[in-house]
Structures are given as C-alpha cells and as structure tokens.
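Participant: Using the hints, position chain E against chain U.
Those protein sequences? They're chains U and E, same order as listed. Sequential numbering of the first sequence, starting at 9, is according to this note's numbering. Sequential numbering of the second sequence, starting at 572, is according to this note's numbering.
These aren't lab readings, by the way, just hints derived from the structure by calculation. There are no misleading hints in this set.
Derived DSBU-like pairs: lysine-lysine, alpha-carbon spacing no greater than 30 Å straight-line: (1) E/LYS700 to U/LYS201; (2) U/LYS156 to E/LYS600; (3) E/LYS600 to E/LYS700; (4) U/LYS86 to U/LYS28; (5) U/LYS28 to U/LYS156; (6) U/LYS201 to E/LYS775.
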Amino acid sequence: MSRIQTAFLDLGLMDTLSGKDTPVHRLDPRAKLLTTLIFIITVVSFGKYEISAIIPFFIFPAVMMSLGELPFYYLFRKILIVIPFAFMIGIFNPLIDREILMRIGLFSISGGWISFCSIMVKFILTAGSVLVLIACTGFNSVCMALEKMGAPRIFAVQLLFLYRYIFVLIVEASRMANARALRSFDGKGKGMKVFGYLLGHLLLRTIDRAQRIYLAMLCRGFDGEIRVNRHLEAGMREVIFTVAWSAFFIAMRVYNIPLIAGSFITELIL
Amino acid sequence: MHMADALISPAVGGTMWAASAGLIAYCSKKVRDDVDDIKIPLMGVVGAFIFASQMINFTIPGTGSSGHLGGGMILAILLGPYAAFLTMASVLTVQALFFADGGLLALGCNIFNLGFFPCFIAYPFIYKKIAGEQPTQQRIMAGALAASILGLQMGAFGVVLETLFSGISELHFRTFVLLMQPIHLAIGIIEGLVTAAVVTFVWKARPEILEMAATAKPVRHLSLRNVIAGLLVFAAITGGALSWFASANPDGLEWAMFHVSGKEELESPEKGLHSMLGAIQEKTAFLPDYSFKNPEEKEGHAKTGEGEPAANSGEDGKWPTVSAGTSVSGLVGGALVLVLAAFIGFALKKRS
Numbered sequence: 009m010s011r012i013q014t015a016f017l018d019l020g021l022m023d024t025l026s027g028k029d030t031p032v033h034r035l036d037p038r039a040k041l042l043t044t045l046i047f048i049i050t051v052v053s054f055g056k057y058e059i060s061a062i063i064p065f066f067i068f069p070a071v072m073m074s075l076g077e078l079p080f081y082y083l084f085r086k087i088l089i090v091i092p093f094a095f096m097i098g099i100f101n102p103l104i105d106r107e108i109l110m111r112i113g114l115f116s117i118s119g120g121w122i123s124f125c126s127i128m129v130k131f132i133l134t135a136g137s138v139l140v141l142i143a144c145t146g147f148n149s150v151c152m153a154l155e156k157m158g159a160p161r162i163f164a165v166q167l168l169f170l171y172r173y174i175f176v177l178i179v180e181a182s183r184m185a186n187a188r189a190l191r192s193f194d195g196k197g198k199g200m201k202v203f204g205y206l207l208g209h210l211l212l213r214t215i216d217r218a219q220r221i222y223l224a225m226l227c228r229g230f231d232g233e234i235r236v237n238r239h240l241e242a243g244m245r246e247v248i249f250t251v252a253w254s255a256f257f258i259a260m261r262v263y264n265i266p267l268i269a270g271s272f273i274t275e276l277i278l
Numbered sequence: 572m573h574m575a576d577a578l579i580s581p582a583v584g585g586t587m588w589a590a591s592a593g594l595i596a597y598c599s600k601k602v603r604d605d606v607d608d609i610k611i612p613l614m615g616v617v618g619a620f621i622f623a624s625q626m627i628n629f630t631i632p633g634t635g636s637s638g639h640l641g642g643g644m645i646l647a648i649l650l651g652p653y654a655a656f657l658t659m660a661s662v663l664t665v666q667a668l669f670f671a672d673g674g675l676l677a678l679g680c681n682i683f684n685l686g687f688f689p690c691f692i693a694y695p696f697i698y699k700k701i702a703g704e705q706p707t708q709q710r711i712m713a714g715a716l717a718a719s720i721l722g723l724q725m726g727a728f729g730v731v732l733e734t735l736f737s738g739i740s741e742l743h744f745r746t747f748v749l750l751m752q753p754i755h756l757a758i759g760i761i762e763g764l765v766t767a768a769v770v771t772f773v774w775k776a777r778p779e780i781l782e783m784a785a786t787a788k789p790v791r792h793l794s795l796r797n798v799i800a801g802l803l804v805f806a807a808i809t810g811g812a813l814s815w816f817a818s819a820n821p822d823g824l825e826w827a828m829f830h831v832s833g834k835e836e837l838e839s840p841e842k843g844l845h846s847m848l849g850a851i852q853e854k855t856a857f858l859p860d861y862s863f864k865n866p867e868e869k870e871g872h873a874k875t876g877e878g879e880p881a882a883n884s885g886e887d888g889k890w891p892t893v894s895a896g897t898s899v900s901g902l903v904g905g906a907l908v909l910v911l912a913a914f915i916g917f918a919l920k921k922r923s
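One chain only, chain U, in its complex shape (with noise of 0.2 Å):
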C-alpha cells in the first residue's frame, strides 16, 4: 500500500480508538492534556544519566492503554516510525562521553551509552504519552480543551478546519499519486516538474475548495466571530485524576523509588 494511504488509515485509526467509550475516554479532554503536559515536564526534568528514576513512568501510559483499551503493538510502532531524529542525534553521546561511569562485571559502560539509553527512554514515554492522548481523547476534544484552557480561538478552530479536512485532502492527493503513479513508467514522470504541477493543481484546487466553504459559512449566518456550541464539564473525577497523577509523577520525580526499593532489598539480603 502507498505511504499515503497508510498515513490516511492510521488518522483514520487514531479517530476510531478516541471514539470508544470507557472511563479514560469520558474524562473532561483538560483533566487528560494538563495530567499529560506534567508528565512530559517532569519525565524531561530528570537528568542526562538518569535511567532507574525514569522507569516508575511507565506506569501512567500503561494504565491509560489499559483503561482505554488501546492496542499496545499500534501505538509503539508508530513510535519507532518517527525515532529517527532523536536517535541519530543521542548516538553521538556514546560517541564523545565515553567516560566509563559503570561497571558490570568485565563490562564499563561509559557515561555517553548512559546518557543515549536515557534519551531513548525519555522519547519513548513522551512520544507515548501523547498518542495515548490523543487515542483516548480525540483530536476535538483537545482542541476544545486548548481553548478551553486559553489558547485563541481562532486558533483552536484553525486546527479543527486542518483536521476536518486533512481526510478530503488526503483522498484527493492520493487520488492524484495513483493517477500518476499509473502513468509514469521507468521513474519518469516522478520528477520535480511534474511534482510540483501536481501540488500546483491541487492547492488551486484546495483554495477554491476553501471558497465554498467560506460562501457556505456566510449563507449559515457566518459574521468572523466562531462559535462552539459544545461545552466540557470538569468534575471531581477530573480533578482527582489530575491531582492524584500530579501528585504521582512529583513523588517519583523527588524520590528514586526504583533505587530506594533496590537499597532496601540489598539490605534485607545482607
């Protein structure tokens, strides 16, 4: 299957899990998009090296795939599509840090493969906890809730347009990679010409596209101000969930509690 079709289905994809219905799902979106801002914010506070301390983490994507009952191998695969940067800029640590910090039997680890091993991590659960978000929340719902929580509304409804009509754009230049996919033979045709007469069409396409929409929005009564009619109702499940999280994530952040029970074993078994 083209990569453009693939991309469509996994929006598509994305859509149908953010539309079940289970206990993470009917949370208010800003309870969600405020518990998954801290948990980025402290999940990137730890330092370079750390590793152990990062791992108590792992606990909130993992209940949040649970409760919302998202597919686990779907989610980490798309993860390590977009890998890549991260990981071509972290592989220079090991590179230059090469300062052993660890020791395991013959085996000295310098502080770079530390430091590397801790980036990777820390993408992991970032990358992870945003599209456990947006898999259990749903693309409106957030921006209902960025707007909600202060962003501009034109703004917010800026991305809701995007997303609406990311699913018609993608069809039609799907449409349009096939048509030319068909015609062109010995890689010819694929060129940079015919490429951008192709991208020409279609944004000509897309502004007259934009047109009707505009003169549609005037005939319903449309005079620049936008209103959503929807409103999110915040309760004490919300906070709860906010503040019990919050409140998790900081205790991990303070104490090391991966080295902490480590400790404490090794002490028992003295």
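Facilitator: Only chain E this time, still in chain U's reference frame:
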C-alpha cells in the same frame, strides 16, 4: 528537523512554548482584526493541503532527517505572515499529536523554528525584497528559493541552539552546526525548488491569489516591529537558557557517577558483591543529601539569614549541580501547584 521532547530540557521547552504561544496570540489578534473573513477557512484548508502534500513522496534518502516539506514558505507567500504562522502552528500541532513527530513540550520549539523564521524573517526580508512589487517568474523563483533555503537554515540553527542549551546531547556546538547546516542546505534547496515550482504555477494560473496575500496592508507596516519583538524574545530565551545551562552543567559528571554507580546495584542486586558495601554506603549517604535533606538545608539557610550565596560558594564541589537538580524539580513543583490551584479554582468557580 522536528525537535523531540527527549532532547530538550523543561527550561528550554517552557521558554519556547511561551514565545510561540505569545506569537500565536499575537497573530490570532492580527488575523481577527483583519476584516478578511475568508482567510479563516482558507487557513485551515491550506494547512490540510500542506499536510497532504507532505505525504506525497518526496523524501531525502540517507539523512535520517525527516525531509518533508516544511511548507512555511508556501504558506507565507499564499496567506501572508500572520495567517501563515497560525497555519504552520496548527500543522505542527497535528503532526505532534497524531504522529508523535515532535513532542508536546517540544512543540514550542518546532513552531518557532519552522514557523517564526520562514514567516517573519525569510518572507518579509528575503522573499518580498527579491520578488518586489511587480514580480516576474524569475523573481518569484529566486525569491522562493532563497527564502526557503535561508528560512530552513535559521530553523536548523534554532534546533542546534535549543539542543545545546538543553544540555542533553553531548554534541559540541561546532560539530553540531557542521552536521545540521549542510544537511538542511540540501533539504532547503529541494524544498526551495518545490516551493518555487508551486508558487510560479499558481502565479501563472491565478495571479490574483498571490496578489491577495501581497497586498494585505498591515503586513509590511508592522512586520519590522514584530520582528524586533521576536528577536527580543529570542534574546531573552537565549540569555535565560544560557544561565540555566551554565548553572546546571559544571561537574554534572561527578554527580552522575554517584547516581549511576548506585543504580547499578539496583538493576542487578546480586552482581558485584565485593563493591556492594561501598556502593550502598555511598548511596545511603548521597541520596538523603539529594532529596530528603533538602528541607533541613533550607531551614539552615533560613536560620543563618542571608547566608544563601555564602553557603552556595562554601559548599562547592558537587553541591551546585545537586542544588540545580533540586531547584528544577522545585520549579516544576511550584509551577504545578500553581497550575493545580488554577485548575481547582476553575472547577470550584464552575460549581458555585
């Protein structure tokens, strides 16, 4: 090109978020004040176009860098800088949320790198200058090419600075710059050519579309002030991030050695019995210093009155890093309490 959450520190992420959020608010106001209602649906749909166009195959092999069309330049040429910045921000938000391409915390960095530079620097100062009042095909081509390349170069440089200030990567400034700039020069040339091809196509087919963006009056009038404000913000960020970086970085290694050597025992408690006793000693001695003892330390400071700087300089060696570490978590905690308080207040207000 998209910054990831894992590569930035909260301080850098937070400041860039603030800068981008400020720009979004500013641009939203500008677009609202423009009576041009049609831009509202146009922005959304053209944003979706950028998205769709990024999916048609145009990848650069062998770089590892995601070489998709940034799109910032096309947007700026079609919509004018304010609307383009908002559209770019929304494109990046969707990418961050749906494809985890660039994280939530790094979103501020990405919006700034891929939105601010093309829309507020490359467009008014390069594209407009070259394309001029009466554009010809050659001028549009040259302008789009130059602006795309330079916009991307600035964005790549932004990535370098943000990564360095975050202190997560070991890459030295020189190496990193030498790595990033040439790669993005290649990407920029390709992107510039595509941008030029699409823009000239539109110009030939429907010149009025380009004129519409070019003649939006407030653009030229205010862009300079805007850019200066943006640069000031950037300077403040740079300064803030630098000082934070400088305070956190010295002898971080020493601190980490303790930490890591302690961790080793935990991950494999049975291994290395001979070194275990010593390690546990270190661990139990070090860890309380790091977190538990902190309140006492603060009390001590309080008792000695204004002994803060003196105590800091007295406890040199590993102390500065340790206190930097705790101060970060303190900052996070403080911000958190603030956010929580606001949240609770908000919820209570709703109920009453």
